[in-house]
Amino acid sequence: MKYIPVLLILFFTTAVLARDNIHQPAPAFTLAGIETPITLAQFKGKVVLLDFWASWCGPCRQSFPWMNAMQEKYQAHGLEILAINVDKERQLADEFLKKLPANFTIAFDPDGLVAAKYQLKAMPISFFIDRKGVIRQQHLGFHKNNVGSYEAGIRKLLRETTPREKP
Amino acid sequence: MQLMNPKNIRGALTIATCSLLGLNSAVADEENWEIDSAVLYYSETDRVTAIEPVINLKRNFDDEKALNLKLVFDLLTGASATGATPSDQVQTFTRPSGNGSYTTSSGETPLDDTFKDTRAALSAQWEQPLGRDYKTSVGSNVSKEYDYFSLGINGSLSRYFNQRNTTLTAGLSYANDTIEPEGDIPLELASMAINTGQARFEEEFNATRRGGDESKTTADLLLGVTQVIDRQTLMQLNYSFGQSDGYLTDPFKILSVVGNDGRAVDYVYESRPDSRTKHSLYWQTKHHFNQDIVDLSYRYMWDDWDITSHTFDLRYRWKLGHKHYLEPHFRYYMQSNADFYQRFLLDGQPLPEHASADYRLGELTGITLGLKYGMTLPNDHDLSLRLEYYQQSGEANANNAPGILSQQELFPDVDAVIVQFSYSF
Amino acid sequence: MTHKLLYIVLPTTLLIGGCANLGVQPWERDLLAKPEMQLIADPIEAALDDHIYFSKEASSGGRGFGGGGCGCN
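For the record, the sequence lines run as chains A, B and C.
Each residue of the first sequence is one higher than the last, beginning at 1 in our numbering.
Each residue of the second sequence is one higher than the last, beginning at 168 in our numbering.
Each residue of the third sequence is one higher than the last, beginning at 593 in our numbering.
Treat the hints as calculated values from the structure; they're not laboratory data.
Just so it is clear, CB atoms sit at the ideal spot from N, CA and C, and this is done for glycine as well.
Among the hints, erroneous ones may be present.
Unchecked claim - SDA-like mimics (lysine to any residue), calculated; alpha carbons at most 20 Å apart, straight line:
no., chain 1, residue 1, chain 2, residue 2
1, A, LYS99, B, PRO545
2, A, LYS144, B, ASP300
3, C, LYS648, B, ASP473
4, B, LYS383, B, TYR414
5, C, LYS626, B, VAL461
6, C, LYS648, B, VAL586
7, B, LYS490, C, TYR645
8, B, LYS225, C, ALA633
9, C, LYS648, B, TYR499
10, C, LYS648, B, TYR315
11, C, LYS626, B, MET542
12, C, LYS648, B, VAL461
13, C, LYS626, B, ASN199
Stated by the list, open to error - A few chain B residues that face chain A, going by a derived Cβ cut-off under 10 Å, partial list only:
no., residue
14, GLU198
15, ASP230
16, GLU231
17, ASN235
18, ASP284
19, ARG299
20, GLN330
21, ARG331
Could you build all of it, start to finish, from the sequences and the hints given here?
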């Protein structure tokens, strides 16, 4: 009986430790891009699809064409796709991009520091960040069958406009 | 010229297979097909030679689902040891089919060369994830030789833990094999009828037979855990259980019944128990160095035929630049003999319930030394060539070999060369 | 025979329990994702070898499948 308080504390501690980053502000970062450094802050006010990818990740070969399509369709409405590469060797990422060019922003995180900040639970993974910089959705893996719901999620966040942006 | 393009070969195979399976697949989905082909050449000095072409087609579907189809042909020629002992005289044996005889010279290990055989095997395997935490695989296989038919099914389930660093797997398989040898199934431990021209030979031969066909069933269970140790190291530990029931005897193997002088007075057909229970523990580790990879494994097997074995396997993939590698291979195998293994029977002794002189159930050691070279071609296809040498040496465990037998080589080494060429696209 | 089984049960339970510490983060599986780092890197060669040794020796099988790899999706 006297162990109950201890157990409760332990339970809530682990529960707190195991929490998702949903509804948390997206951690800030600055990473090297293809030409210029990329910071998350530069996309404030936009809906950001933050994707983590690698040359060795099979499903990424399917997600790239889809992300290209989304960027093209929704950029004018405020969507920005930022795909962070976690390859340890830059050359492998470059070879991948040669075969699957991206029309969205690419950043490089070879030491996995930003990956660790975001506590990635899977690869690939994408975070949908709203215009206020809060993580609203996280999708583990890329499943072609779910692109409908991914797109619906993007549209929902795009419809949320900040008071300043109303015409 | 277009027809010789490997991409078109893959396209043609895709269309052919999809029509066969009734699937609707655009040829533009070439990226989703993986084709692996190989030819194996296996040749023992003075004994068996086998040529095995293989082709494996893998079709990847969305969401990590895949279908694997494999076709293997096995073309065997040559001669195999029957289990009879050598002698200082010429020996005459009746062929397993009853049609004709063959002789063995003095000092030679009796080999039966009636065997030219072709086997075809087809297997299909489907794998897919079940949610985020599970993966399942189911499959079936069938194989046919002119006197042998095998049909089997298998299934397995894997569960991930610790962010996919730990994987638990359980697998089951079941197979039913039927053998229908030419000359029918011999009567266990019956004396071989020898044709010296007698009119009643056919009758005598038929008296040594007990039926047209026989079958056996094999059930296997595998429980395994795979663990990622660190970024460079992977380990696996498996326990396997196997149960075989039915006709486990080899209808082509015999034993010599020898007199005090060591010469055969009779030949009898072998007899094995009608059930066998096997257990094995298997451990494997792979480690990625800077460029190279080492692959080390050990298997311990024990069964209720009193056989225990150790298998130690080591491979080292030495990366030569970006597109080539060289992989030396060493395998060491050791087994103890089955409790019913006897190199020969002594005339005058009562016949045991089970007996076999098949050297593959004897106490033996096998060493394999090999080298494999692989490369990736500019068109991203892979090819490899491996050359291996396998030597088996054993102990007849016949300290009581009477008469002339003590002068004979009762367990000669078997040497084989293995060559395999593979091409993947 | 039962004590031989303990040799697998005990390490396995230790592995699952104690192995919460072993392993890598999902973004560090670059080497494990390589085809040559799979437990059976060449399934055709493994099957051909299995067939040779099954025909020439009294033991067979034992190898498994599953685990390792990129862990994607």
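For each hint, the structure was consulted:
Distance hint between LYS99/A and PRO545/B is fulfilled; the C-alpha atoms sit about 15 Å from each other, no more than 20 Å. Among the hinted pairs, LYS144/A with ASP300/B is consistent with the structure: their alpha-carbon atoms are about 18 Å apart, no more than 20 Å. Proposed proximity of LYS648/C and ASP473/B is supported: the alpha carbons are some 18 Å apart, at most 20 Å. At roughly 5 Å between alpha-carbon atoms, LYS383/B and TYR414/B fall within 20 Å of each other, so this suggested pair holds.
Taken as a hint, the LYS626/C and VAL461/B pair is honoured in the structure, with Cα atoms around 14 Å apart against an allowance of 20 Å. The hinted pair formed by LYS648/C and VAL586/B meets the criterion: a straight-line CA distance of about 17 Å does not exceed 20 Å. With a CA separation close to 31 Å, the supplied pair LYS490/B and TYR645/C exceeds the 20 Å bound. For the suggested pair LYS225/B and ALA633/C, the alpha carbons sit about 15 Å apart, so the restraint of at most 20 Å is met.
Between LYS648/C and TYR499/B, the direct Cα distance comes to roughly 14 Å. Compliance with the 20 Å bound is thereby established for this hinted pair. A threshold of 20 Å between alpha carbons decides the hint, and for LYS648/C with TYR315/B the separation of about 18 Å falls inside it, so the pair holds. Taking the CA atoms of LYS626/C and MET542/B, the gap is about 15 Å. The hint holds against a cut of 20 Å. Of the pairs offered as hints, the one joining LYS648/C and VAL461/B is violated, with about 26 Å between alpha carbons and a cut-off of 20 Å exceeded.
The hinted pair formed by LYS626/C and ASN199/B meets the criterion: a straight-line CA distance of about 18 Å does not exceed 20 Å. This hint holds: GLU198/B has a C-beta 8 Å from the nearest C-beta of chain A, less than the 10 Å allowed. A cut of 10 Å between beta carbons decides the hint on ASP230/B: the least distance to chain A is about 5 Å, and the hint holds. A least Cβ separation of about 8 Å between GLU231/B and chain A falls short of the 10 Å threshold, and the interface hint therefore holds.
Residue-level restraint check for ASN235/B is violated (minimum Cβ-Cβ distance to chain A is 16 Å; threshold 10 Å). Because the smallest distance between the Cβ of ASP284/B and any Cβ of chain A comes to about 41 Å, over 10 Å, the interface hint for this residue is violated. Because the closest C-beta pair between ARG299/B and chain A is about 7 Å apart, less than 10 Å, the hint holds. The criterion of a C-beta within 10 Å of any C-beta in chain A is met by GLN330/B, whose closest approach is roughly 7 Å, and the hint holds.
The criterion of a C-beta within 10 Å of any C-beta in chain A is met by ARG331/B, whose closest approach is roughly 8 Å, and the hint holds.
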